[in-house]
Amino acid sequence: MASNLRRVGSTVVAVMVAVVLVGLAVGPGAAAPEGQATWGVHIALAPTWFDPAETSGIITPFMVLYAMHDGLVKPMPGQAMAPSLAEAWTASKDGLVYEFALRRNVRFHNGDVMTAEDVKYSFERYRGASASLLKAKVAKVEALDPHRVRFTLRQPWPDFMAFYATPATGAAWIVPKKYVEQVGEEGFKKAPVGAGPYRFVSFKPGVELILEAHEQYWRKPPALKTLVFRTIPDESTRLAALKRGEVDVAYSITGPLAEEVQRSPGLALVPTYFTFTTWLVFTEQWDPKSPWHDRRVRLAANLAIDRAGINQAVYLGLSKLAHSFIPQGMEYFWAPPPYAFDPPRAKRLLAEAGYPNGFDAGELSGDTIYGVAIGEPVANYLQQVGVRVRLRPMERVAFFKEYGEKKLRGIIFSGSGAPGNAPIRLEQYAISGGRYAYGAYPDVDGLYTEQANEMNPRVRQQILHKIQQLIHEKVMFGPVIEPAFLNGVGPRLEVHGLGRIANHAYSAPYEDLRLRVK
Amino acid sequence: MISLVLLSVTIFLLVRLTGDPTVLLVEPGASQADLEAMRKQFGLDRPLWVQYGHFVSSLVRGDLGHSFYYRTPVLELYLSRLPSSLLLAVAAMAFSLLIGIPTGIIAAVRVNRWWDSAGKVFALLGLSLPSFWVGLLLILFFSVYLGWLPSSGAGTAAHLIMPAFALGWYFAAAHMRLTRSSMLDVLGSEYVKLARLKGLPEALVIGKHAFKNALIPVLTLAGINLVIMVNVAVVVETVFAWPGIGRLMYEGIAFRDFPVVQATVILNGAMVVIVSLLVDILYAVIDPRIRFAR
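If you read the sequences in order, they're chains A and B. Just so you know, the first sequence maps onto residues 0 to 517 in numbering that gives the first Met the number 0. Just so you know, the second sequence maps onto residues 0 to 293 in numbering that gives the first Met the number 0.
I should point out that these hints are in silico values taken from the structure, not numbers from a laboratory. A portion of the hints provided could be inaccurate.
[Unchecked claim] Straight line, CA to CA, 30 Å or less: simulated DSBU-like cross-link-like pairs of lysine-lysine: (1) K203/A to K39/B; (2) K119/A to K136/A; (3) K39/B to K189/A; (4) K473/A to K406/A; (5) K39/B to K136/A; (6) K473/A to K288/A; (7) K203/A to K224/A; (8) K319/A to K134/A; (9) K346/A to K319/A; (10) K346/A to K400/A; (11) K400/A to K473/A; (12) K39/B to K119/A; (13) K203/A to K319/A; (14) K39/B to K139/A; (15) K134/A to K400/A; (16) K319/A to K400/A; (17) K176/A to K39/B; (18) K134/A to K39/B; (19) K189/A to K203/A; (20) K406/A to K288/A; (21) K197/B to K207/B; (22) K39/B to K400/A; (23) K405/A to K39/B; (24) K288/A to K346/A; (25) K406/A to K39/B; (26) K288/A to K400/A; (27) K177/A to K39/B; (28) K207/B to K119/B.
Please construct the entire structure, taking both the sequences and the accompanying hints into account.
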């Protein structure tokens, strides 16, 4: 009897301990997801964003990818490359082999368990930005067992992870092989299945996307039951919807409307930053007959610009001032000494260079968005020290066509938000043969080739910093500003997710979002 | 048919003058290889005449192509947006007729008096105020300040009120002016004078004898306007985030989505041709002189 009682007693204790432990393990986040949050999105929602294979090298699709899908490795709060569907990874000493250990028991929204075959399939199926480059560099992908994947490169490539595991591509975001083969490509776009914290419910192209919590998400069950993304193209209407509580977050609110958000009780203006920066290109610096050939003239132009003033006027002081054409958040960024706003010195430099009365500098070409918003004050500042430029706003497609074909002269107001790292940005704009490079310097080119084959990250960083130092010394560009992406946030969301992940413009991670307790 | 063929050639060439759409689908700084891969995927790497041949042969088979931006069949996109556009157009038309015709009749009957002047001011404002501005004012007043109506979107009757007003005002003003001038013409005609001389009540003269004939040009205009409302509500649909064809076209133009622009222009053109035909038939039904002339 006594032993029975002891047995019952120990069983009760064991059950109680188990209940407590489960309670502790699950914690408050394990409560069933509830409530809804709505986003007023500035751009038309496209089904291509539901498929990581179609990622086009812009940051926008990651607004949806972070909800519906998951990557082996992806940027997360505090980590540029956080283990996600891969628990860990290793790189061989010769830089040829990368091996990923997959997280076990991860389930897609349809209940299928993620395996190494899905990872291999997702890579082979990938056809988005830099697909040809990735596939040219990777010799083979092997599923060693259900939980291990090996990538073998043809030759050492220090940027493999920068391309594979950051928003530079979507190749590391995993789709269920069996399901895609079963429903086909069109079927997958209509009913996408992923391994992210939210599963697809419905979509009206360009209008509205509705997602629902995937409670089996490996990281934790989301707190919010439903996410709604509504396209509201007009900025004023987005603000009206935010004020009325129709949306909880209104993306891209600028100028006077952003000030209105700041003035409105209960609303908050939240800036986010991604790898977007703007800068001037002095296209004629390689022409000995041009005033721009003289470094002092290029330095004068940099000293003539009141970056803080532009930031205050256009972005309410919320953007970052740029002193390099490489964004501050990019890997291998080197912080140059800031350019002061010093018009008297700028005038002196122009006089020393032989232009005491300034000179006609031709056109300052830019697109009709940033080329006007930021380009116009830049042109005015240049005029004030005697660099007489005419602003030439161009329609965006025409601008990039002429820019890429090297047909523009004078000064170009350039900008890029392409993800990646410093060497990727350098290649396009500062190295011989770069798509938008109007010229280059042999020492910079030489160091660039050197770093491309350097597998030691520390040595590589030194070389990349040296390149940026040389570019700064030569005053190759006129960096202006890293524009903030301004967003309005309503009172309902306690955790809105904006700015939590470095270089990510949108709310994320979605599983962390929470409504305010009433 | 000739009009549609000409339209297809014109729009095919015009959209291609606007530049390379791949530039807008990637970040500046994308590699040349990525741009070329995208051009190949969209068939933009082929000679223009080959692209046109493919476009026409697909069109004949009822295939309007795949959207560059959405990567879905354009016809599917168009048909998914058409009901919203039709709903908005019908609501805006009902509003414009309910306001435009009665005010036009009253302005004609009370010519050069207070009602006429008020009608002229209404018409002047309707024709001159840009619809996006009217839309924004409506949102500000009825959504933000009063909180009566949703600011944007679709789904309920409340969502329809402001876009229908913003779209319909211009047309209400046009219908009012045409009704007024048409009624003035008819009221001055011999048979109306005779009806009055015969001592018929004024309401009967206006309602039965004058209004019916004055209605013919208004109906003709309303028929064409209905198609125009479906097709040109670009600004109103954008301001109110209304999911119609106008917004689809706006997105098509913004992203240089050639198949979307081509398809919406051709389908809208076909709609104009069909409705013009229907209006001609209706015209003959209303006006016996046209039937007899044939």
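Comparing the hints with the structure gives:
no.	hint	verdict
1	K203/A to K39/B	holds, 28 Å
2	K119/A to K136/A	holds, 15 Å
3	K39/B to K189/A	holds, 24 Å
4	K473/A to K406/A	holds, 23 Å
5	K39/B to K136/A	holds, 22 Å
6	K473/A to K288/A	holds, 17 Å
7	K203/A to K224/A	holds, 20 Å
8	K319/A to K134/A	violated, 36 Å
9	K346/A to K319/A	holds, 26 Å
10	K346/A to K400/A	violated, 34 Å
11	K400/A to K473/A	holds, 27 Å
12	K39/B to K119/A	holds, 25 Å
13	K203/A to K319/A	violated, 36 Å
14	K39/B to K139/A	holds, 25 Å
15	K134/A to K400/A	holds, 27 Å
16	K319/A to K400/A	holds, 28 Å
17	K176/A to K39/B	holds, 26 Å
18	K134/A to K39/B	holds, 18 Å
19	K189/A to K203/A	holds, 10 Å
20	K406/A to K288/A	holds, 18 Å
21	K197/B to K207/B	holds, 14 Å
22	K39/B to K400/A	holds, 17 Å
23	K405/A to K39/B	holds, 23 Å
24	K288/A to K346/A	holds, 20 Å
25	K406/A to K39/B	holds, 24 Å
26	K288/A to K400/A	holds, 26 Å
27	K177/A to K39/B	holds, 28 Å
28	K207/B to K119/B	holds, 25 Å
Comparing the model with each numbered hint stated earlier shows that hints 8, 10 and 13 do not hold.
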